Every structure is written in structure tokens, then in C-alpha cells.
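For chain A, the structure is supplied; the task is to place chain B on it using the hints.
Number of protein chains: 2
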Amino acid sequence: MTTYAPLQNDTFLRACMRQATAHTPLWLMRQAGRYLPEYCATRARAGSFMGLATNTDYATEVTLQPLERYPLDAAILFSDILTVPDAMGLGLSFAQGEGPRFATAVRDEAAVAKLEVPDMEKLRYVFDAVTSIRKALNGRVPLIGFSGSPWTLACYMVEGKGSDDYRLVKTMLYSRPDLMHRMLAVNADAVAAYLNAQIDAGAQAVMIFDSWGGVLADGAFQSFSLEYTRRVLAQLKRTGVDGQIVPRLVFTKGGGLWLKDMAPLDCEVLGLDWTVNLGAARALVGGAENGPGKALQGNIDPNVLFAPPAQIATEVARVLDSFGTPYQGAGTGPTHIFNLGHGISQYTPPENVAALVEAVHRHSKAQRA
Amino acid sequence: MTTYAPLQNDTFLRACMRQATAHTPLWLMRQAGRYLPEYCATRARAGSFMGLATNTDYATEVTLQPLERYPLDAAILFSDILTVPDAMGLGLSFAQGEGPRFATAVRDEAAVAKLEVPDMEKLRYVFDAVTSIRKALNGRVPLIGFSGSPWTLACYMVEGKGSDDYRLVKTMLYSRPDLMHRMLAVNADAVAAYLNAQIDAGAQAVMIFDSWGGVLADGAFQSFSLEYTRRVLAQLKRTGVDGQIVPRLVFTKGGGLWLKDMAPLDCEVLGLDWTVNLGAARALVGGAENGPGKALQGNIDPNVLFAPPAQIATEVARVLDSFGTPYQGAGTGPTHIFNLGHGISQYTPPENVAALVEAVHRHSKAQRA
Chain A
4 MTTYAPLQND TFLRACMRQA TAHTPLWLMR QAGRYLPEYC ATRARAGSFM GLATNTDYAT
64 EVTLQPLERY PLDAAILFSD ILTVPDAMGL GLSFAQGEGP RFATAVRDEA AVAKLEVPDM
124 EKLRYVFDAV TSIRKALNGR VPLIGFSGSP WTLACYMVEG KGSDDYRLVK TMLYSRPDLM
184 HRMLAVNADA VAAYLNAQID AGAQAVMIFD SWGGVLADGA FQSFSLEYTR RVLAQLKRTG
244 VDGQIVPRLV FTKGGGLWLK DMAPLDCEVL GLDWTVNLGA ARALVGGAEN GPGKALQGNI
304 DPNVLFAPPA QIATEVARVL DSFGTPYQGA GTGPTHIFNL GHGISQYTPP ENVAALVEAV
364 HRHSKAQRA
Chain B
4 MTTYAPLQND TFLRACMRQA TAHTPLWLMR QAGRYLPEYC ATRARAGSFM GLATNTDYAT
64 EVTLQPLERY PLDAAILFSD ILTVPDAMGL GLSFAQGEGP RFATAVRDEA AVAKLEVPDM
124 EKLRYVFDAV TSIRKALNGR VPLIGFSGSP WTLACYMVEG KGSDDYRLVK TMLYSRPDLM
184 HRMLAVNADA VAAYLNAQID AGAQAVMIFD SWGGVLADGA FQSFSLEYTR RVLAQLKRTG
244 VDGQIVPRLV FTKGGGLWLK DMAPLDCEVL GLDWTVNLGA ARALVGGAEN GPGKALQGNI
304 DPNVLFAPPA QIATEVARVL DSFGTPYQGA GTGPTHIFNL GHGISQYTPP ENVAALVEAV
364 HRHSKAQRA
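So the sequence lines, in the order shown, correspond to chains A and B.
Here the first sequence is numbered in our numbering, starting from 4 and rising by one per residue.
Here the second sequence is numbered in our numbering, starting from 4 and rising by one per residue.
What the hints contain is simulated information worked out from the structure, not anything from laboratory work.
A quick note: this is a predicted structure, and the numbers were derived from the prediction, not measured.
Keep in mind that the hints are not guaranteed to be accurate.
Said to hold, decoys possible - Only pairs whose alpha carbons sit at most 25 Å apart, straight line, appear in this in silico SDA-like list of lysine to any residue:
| id | chain 1 | residue 1 | chain 2 | residue 2 |
| --- | --- | --- | --- | --- |
| 1 | A | 164 | B | 286 |
| 2 | B | 164 | A | 167 |
| 3 | A | 138 | A | 33 |
Said to hold, decoys possible - Covered stretches of chain B (in silico footprint by chain A; criterion: 3 or more residues with CB under 8 Å from a CB of chain A, positions within the stretch not fixed):
| id | region |
| --- | --- |
| 4 | 131-145 |
| 5 | 340-352 |
By construction, the Cβ of each residue, glycine as well, lies at the ideal position given by its N, Cα and C atoms.
Bound-form chain A, shown alone (with noise of 0.2 Å):
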């Protein structure tokens, strides 16, 4: 068992717990990233994104720089979605201003027939960012580790890069089932081996990024990408280093028609877009008192951030208003975590997040009171 710092602020671990806090905890999906000045600083120091995240030191200094600005509730690991199957020796690139890229895409059955669970040495550097972020962190706010879900990175192995259509990973799919519940597989192991050593170096909570879920047809969702959600959840550690339970998150962008489907999964947090009601979805699965049920992650849409600060006042409190005053007694009961629903866009002007953070504690307080 490694020792670190006390944890000072608990706010997110309690909500993900479905306990009472203070106030609404909240961090956001890309907080360490380009709208800040000094992330493209080290960035142009590292020379690349894969330079970035290799770099132990430079990964704990990102990870750090948005808590150096606002009063943040978690940090999350610097790192990216697709280091699996970089790992898998995909090839993974970030030429500048495009998308992430692959050198080898895996499209046929030979490809396929390759895949295997990666070797965790070779995601050593994640580790080693864990390590050195919680140790950075000394005990400020807890830390949380990530990975894409086994469809998100099967978008990606299939296409290659991005896609608006995704029609070579879905004519996989529809094509050859076989082919795409074989990757799907793999792809789940992984994720399950490279999301425990993540907490084993040092995660506090951990993430399954189901990015590219929502673009699947209901039916597809459930097969291709839920039930794989679930092999990883299945698979993952439920104490991290200091004993203490680790909340698994589950957040799938375009998802919020399948929140049924999903209230079963053995996670304790689900994360929603915009698009979503909150007040509906904790009616549907926030769950009642002292039951059963999920914390409710988001789910401001990030564009709200070029909006003067008034109108980002006004739209957090409709964001907050929307789930409601979150649970207050001893138990567990209904409770939210604030976040966007999507990552922040490089675009964002910086003072504007300082705006939105204050807005979402004061107001949050103002729910309790």
C-alpha cells in the first residue's frame, strides 16, 4: 500500500458515492487543454501531443495548470483516448491542427486475427503520469485515470482517424459481427488491464470514455458497445492504492436515449450531454434514498463558455436547477456532479471558464441553503 497526502477536498468522491456535499462538485472534460496559454506553452516545449503525454513531467505540468486557475474539483490524468492501440502498434500521430491518426488501420480478418491485449509495459509512461500527478496533486483533489470505451477505440482502429459517417467500422459490423465482437473483446481486456494499473499507480476514480456510443442504431448500442462497457467494468479493481473504493464513471456522448440500458451497469457515475434533461434522467436512474442508483455527471453544452459571464451564470443555474437540490442527508441518495457534455473547445477564452466555476459553487450552495 503506497502512502500519499490526504485527500483535502473529497466533494467529487462523495458525489460519485451518491453522498452529500457542500456543494456541487464539478471538473471538466479537457481542463488541461488548448484554451490555455501555458498548456500551448509546454506543448510547443514537448514539440508534439504524443511528446506531451510521453513525458512524465510535462503531463503532471498540464494536468496541474487549469487548478493552478480555478478551483476545480478532480484533475484528470493528461493523456489521450487512443494509447491502447498504440499500444497494440497501431501507430498513433496527432499531425498539427488534424485529428489523431493511425499508421495501420485493422479492416479485414487477418488484422483483425492479430489484435492482442497489449503489453501494459508499453503504457509504462500513463503509469508513471499517474504516479506523478497524484504525488503533484499532494492530496488537493483526487485524481481521476481514463480510457475509451472498446467501440470508441474500434472507430478509431477501423477508420484509421475520425470519421463523420463511420462507414467503415459500420460495414464491419454489419458485414462481419464476428470480426467486430473479436476486436471488441481484445479492445475490452485491454482497457480492463490498462484502467487497473492506472490504479494501481495511483487513480483515485477511473472514466470509460464511450465517445463515438451515441452513433450506433439502438439494438447496435447494446450489443456492440454497452455489453463491452460492461466486460471491462466486470474486470476492473474496485480499491486503489490507499484502500479507498474507486467510483467507476461511464459517459456515452449521444447515449441519452439508452439511460435504461445503462442503469444496470456495475459503474457508480453516469456522464450525460446537453442534450440530456437531468431532472429526467435522475428520475429514470438517479435513484431514490438510501436505494440504488447512479451519480449524474455534465452537462452544460461547452459552447455556453462564449457567452458573457452573465449568460454563463444563467445557464448554470439552469444546468443545476434542472437535476434539482441534490441529495443532503446521512445516506446516499441522488447527486451531481457538474461538468460539460462534451471537452472543452480550444477556443474557450479562459476568464469565461473562471465564470463558469463560480457560478456553478455559488449557486450550488445557494440549492443547499
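Frame of chain A; chain B shown alone:
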């Protein structure tokens, strides 16, 4: 009152009115398009997309092309959703291999103030095409007219082209909702006039494509998209030049979470994308025997068309069965119009479309047996 040849196949119109049919009617969004070599040949002769759309003979020719290949149950006007803002003076063009683009974007108060419902004479080429197509169809199947929704038009008018984050249009929405409401009101009145002129020219049904409604946050969708779709519908003519009722179809891509909000719309049909379970949608808004309700249109994933015919037939059966057997009585009840959940891909093999059409007719007849 204009006289056209009597309609030989009324399955589409009957299904729109929630009346029984011997098979489930189908048509395909973007059925006249680049996946057909004969379309590409005509487009090459026309020189450009707008050259095609603005020429009555070419527009008629390509509209009828898919009907020569497949026993589809409806035709849809060949045109673009952005003709209305083009007529407002924004200067629509289609660069080779790219999406639509406006010469002038609408991004500030002055630009919004200048917007007006355009003189419908500027859109005469569309109405001429409608009349020409209606004549050329000679009663084979009904002709659907269409427009983009007020919100969808606004997305393009502000962004100036397609977008993957809708940052500019949402910046206006959240920063200056007054400007956005003004633009949407003009758009709604323009769309209503445009669709009414299509009805006068011979359209037998009209569809509003809210292609980008699904990118809005819960709450914003209701205020900035649905409300203006409602404003269009309130102004639409109820009968066509032949005295027949003109059904109105509304399709919000990504709008599955808001079906209940759409139920009170004064329209006959709601379109659904592939994320929606048709059985659940039927239970929610499909109505009961002889009670009010919406006919449902959709919703197979267009990427199914990249699978071999046997898998296409399986997926077609799955979609038809998820709706269940449509109403078969003498009055009105839940009905289904088969379609894709989005426009057909330009890469689709034409022979796979034949397999899909055959499977829909065959399986939907079997459902009723």
C-alpha cells in the same frame, strides 16, 4: 384547381394519415443522389449542383432516376435545404467535394436586421421543378416537397458552411438570443411561404428537415428549434392543388429524446433516426386505434447498405419488427413509413438499395399476413 393524373400508389400518403396499407411504404432520404451513376452523369452535364437544382429538366430527370431502378413509394423533389437563405441573398455555392457554403454569413446585429422573407419569385425554379416533376411522375407515386427547418437554416447562415461544433451559431444563441429569435422568425415565415408555394406547384406532402436540431441542448431545442417548426406548421396550407390533404412530416435528426415534446406538433408524421427504438416511439407518440397520434418514418442506419444482401434483409426485418405490425383496420392507427435514419451515402452500391427495397416490401407484407 390543376388536374394531374390520378395517383396509382397511395401507400405513402395513406401511411402518413395513419391508414392501413398492404405493405409498409418506403422512400430514401437523398434517394436521387451521387450513389447513382446516372445521377452523376446528369450532374456532369449540368456542371454543378446548383446548375442541376436550378434547371427544371435536370431536376425532373434526377428526381425520377431512383424510381426507374427501384419500386419506391414516393418521390422527393430534387433540391437543397439551403435554397431559402440563398434567395435571401447569402450566395449559396457547392465547391467540388465539399459541402454547401455561403458567400455572406450572418453574424452580427446589422446582418440579422437586414434579413427578410425573400421574394418567392427568386425561388421560382424550385416551384417550376415541382410542377414539372409532378407531371412527369404521371401519378406513379406522390411527390414530397421540403425545406430545411428555421434552426437548421440558421446554423448554415451563421456558420457560413457546415460545422462540427456549431460554435458560431451557438455563440449567438447564448450571447444574443434576441438576434437568434429574430433570425428564426424570419426563417420560419420564409419556410412557410416556400412550402406553401411548393404545395401550390403540386407537392403532395411536405417535409421539414431539422437536420441540426439534435445539436442543441435540452431547453434550447424547445425554444430555438421546435418553437419555430411550430411557427412554420401553423402557416401551412392543408390541401394541395388537387384538393387532397397534404401531410406534413417533421424530422429532427438526433431528436429522439424530445419525441414527447414533438407529439403536440400540428403535423402528421415524425421522422426518426436510427438511435430511436421504433417500438418505444410508437408507444410514446404513435397513438392508438382511431385516436390521435403520429405516423412514424425511419429509421435504418444508412451504413447497413454496405453489408451483403442477406444482412441487409436481417436488419430491415429488425427495424420493421421493432415497430411491429402497423394498424390494419378501417379507421386510423399506428403506421410506419420505412426510410433511412439519414441521407443515403454516396458510396452505397446501387444493387444493395434494390435488396433493401425488396426486403422492406417482402417482410412488411409478411408482417400483415
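Hints the structure fails to honour: 1, 4
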